[in-house]
Amino acid sequence: VRRVVTGGDLSQREMRPPELVDAYVALVEQDARDLGLLDPAGALERPCPACGGAGAEAFRRLGFAYRRCERCASLFVSPLPDPARLARYAHEGRAEAFWRLEVLPATAGVRARHALGPRVHWVAGSAAARLGIGLTAAVVGEGKTVLCEALAASPVFRYCAVVADTGAAAPADVVVAFETLERVPELASALARCCVLARPGGLLFVSTTSGTGFEVRLLGGRMRSLVPPVHLQLLSREGWAAVLRRAGFRLEEYSTPGGLDVQAVAEACRRDPTLALPPVVDELVRQDDEDVAHAFQELLQQAGMSAHVQFVAVATRRE
Amino acid sequence: VDRIRVGIVGYGRMGRLRAALVARHPGLALIAVADPGATVADVPAGCRWFADAGALVREDLDAVFVCTPNAATADLVVTALEAGRHVFAEKPPGCTLADVARIREAEARHPGLRLKFGFNHREHESVRLAASLVRSGELGRLMWMRGVYGKAGGPDFERDWRSCPDVAGGGILLDQGIHLLDLFRLFGGEFPEVKSFVGATFWAHGLEDNAFALLRGIEGRVAMLHSSATHWNHTFRLEIYLTEGYLTLHGFLTGTRTYGREALVVGRRDWNDPDGARGNPREERYHFDVDRSWEREVDDFADCVVTGRGVTTGTSLDAYCAMELVSRIYADGGEA
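Chain order of the listed sequences is F and U.
Using the working numbering, you'd call the opening residue of the first sequence number 1 and step up by one each time.
Using the working numbering, you'd call the opening residue of the second sequence number 1 and step up by one each time.
In isolation and in its complexed conformation, chain F is listed as follows (with noise of 0.2 Å):
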């Protein structure tokens, strides 16, 4: 099953505002200094963290590298900065703190609607539609409380509530991973975790970034919402399947809904005129015709290759 959006009209400059992802990039910069996030001490060098295949460095990005796994083209940082300093970065760094203080209410209301609010409505209709109502969510990932009340909203849901790492939880009918499980430096880990978490034929709902997807294929290490720190893997969908049928899930529904690539990328070639992009997508991303890009947009959502994806697995270990 693959899902597409259409409609609405979500824009690049309010979903990430330049003059605040700068200075959210810039703290980044300036964090990654600070913490020794790119010191080799500590640092590990790994191998694909989805299928365990070996990787060439594809580019860097704020000094970081990130490589493309030779098995199933997925994206991961290696060497992974030292995971002790990364959670000094996620708990006392100024560009998370920013982010979420400054960048994050800037942009409620943009996310509500086109970001929030469509996430809630497919987890809710999707879950459903599968295992009926009255059911139990758990949502994984710290400050995640909006979401989890918004779930608690709908009536599909009797019970959710927001999870820690570690301890233990009933088993729930749907686990929710939102933009969570492309910054842990242990991803297998983390599944497992979520297998856990999650009741024999339950559901795991995530969103996170492809690593195939076409702005950072396009971009590379150009790509201004790529931020190392926190996007240390983003995996292609065939290493999702591997990753998640060795954690004890089986992936039922795998789409790219996303709404931003071919802004995102018009807006990169804007800020670089040196940036070569093959003339045919030059021509494409460059189009004034706004139903031309909202095609193009709508294709790279049918074809696989928006940034953003949204996938549903049934938990199967313990079936």
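Think of the hints as simulated: they come from the structure by calculation, not from any bench.
Predicted, not measured: the structure shown is a model, and the values here were computed from it.
Certain hints may be false.
Label pairs and their calculated CB-CB ranges [unchecked claim]:
#, chain 1, residue 1, chain 2, residue 2, range
1, U, 84, F, 317, 42 to 50 Å
2, F, 252, U, 60, 38 to 46 Å
3, U, 27, F, 79, 53 to 61 Å
4, U, 290, F, 169, 34 to 42 Å
5, F, 116, U, 101, 48 to 56 Å
6, U, 292, F, 153, 29 to 37 Å
7, U, 27, F, 200, 19 to 27 Å
From the derived model, a few chain F residues whose C-beta atoms are all more than 12 Å from chain U [said to hold, decoys possible]:
#, residue
8, 87
9, 144
10, 230
11, 272
12, 317
Glycine included, every Cβ here is placed at the ideal spot set by N, Cα and C.
Go by the hints and put chain U onto chain F.
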């Protein structure tokens, strides 16, 4: 465990399709095929061939698949049931409502046997997801439906058995429109009121080639049907509007792949959203690339036979109710 011994009556397109599914099913064994138009060379190796369906039914079989043109269906289903065979029959379940009533009487005389009709559209991915969403209540109460199912006929249409009144028993409504009526019932329950126009507008085969119907059901639900054999572009479209949103099924994976890519659009009435408030809501479209409907039907039938559980979808009551709607649309609209 012994496999269910299956015979297939009618070895045209549907018979061959069912034969392939039976061959793939671990619990079924194809023993015999009956079709006067086939020969022993046409049937799978090791499978017996009969010209006469009666001879096949007398074989040592557990189940019979009836895959014949419409005029033969009712007699064969009844014969197989009376011979103690479980029966799977293609739609339509005969030519008239009386045919289905006769089938149900035979079924009632043999409560240990299982009878299922092949309303396979219920088992398409888009329909299954749509039905789940409607059942969940997430989109509110169903208000109305609008369905179009149209085919072009094509240059050989008038030579097809479906264009022979004595064999087909009805035109496009009975052949294809009955699927939409079955889906209306699946989503919206029963529809006691029927208004319709039925006519022959292009083809000179003596059967209707277009049927338009308005049905009104419980809680004032209205369903609108257009079934056509003059739809020069093959079309399947079913719109379902509920108080909190809508579902549009368009395109359908069929053997010919001419009805377009199968998709389900889900939209919501969200007047807090500026786009939704001006009637241009964000929509989500699900694409489906695999049709497992035929396989699911055979799996379900086999499971009913093995376990003894009752048939729950494609029952003779489903067949009767769909046929009753066909009959009332003909009665109100004037047959071709």
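Going through the hints against the structure:
1. U:84 <-> F:317: 42 to 50 Å: holds, 44 Å
2. F:252 <-> U:60: 38 to 46 Å: holds, 42 Å
3. U:27 <-> F:79: 53 to 61 Å: Holds, at about 54 Å.
4. U:290 <-> F:169: 34 to 42 Å: For residue 290 (chain U) and residue 169 (chain F) the Cβ distance comes to about 35 Å; the hint holds.
5. F:116 <-> U:101: 48 to 56 Å: holds, 55 Å
6. U:292 <-> F:153: 29 to 37 Å: The hinted range 29 to 37 Å holds for residue 292 (chain U) and residue 153 (chain F), with Cβ atoms some 35 Å apart.
7. U:27 <-> F:200: 19 to 27 Å: holds, 25 Å
8. 87: Non-interface label stands for residue 87 (chain F): nearest chain U Cβ at 36 Å, farther than 12 Å.
9. 144: Per Cβ check, residue 144 (chain F) is outside 12 Å of chain U; nearest 22 Å; holds.
10. 230: Since the minimum Cβ distance to chain U is about 27 Å, residue 230 (chain F) lies beyond 12 Å and the statement holds.
11. 272: Holds, since 31 Å exceeds 12 Å.
12. 317: holds, 24 Å
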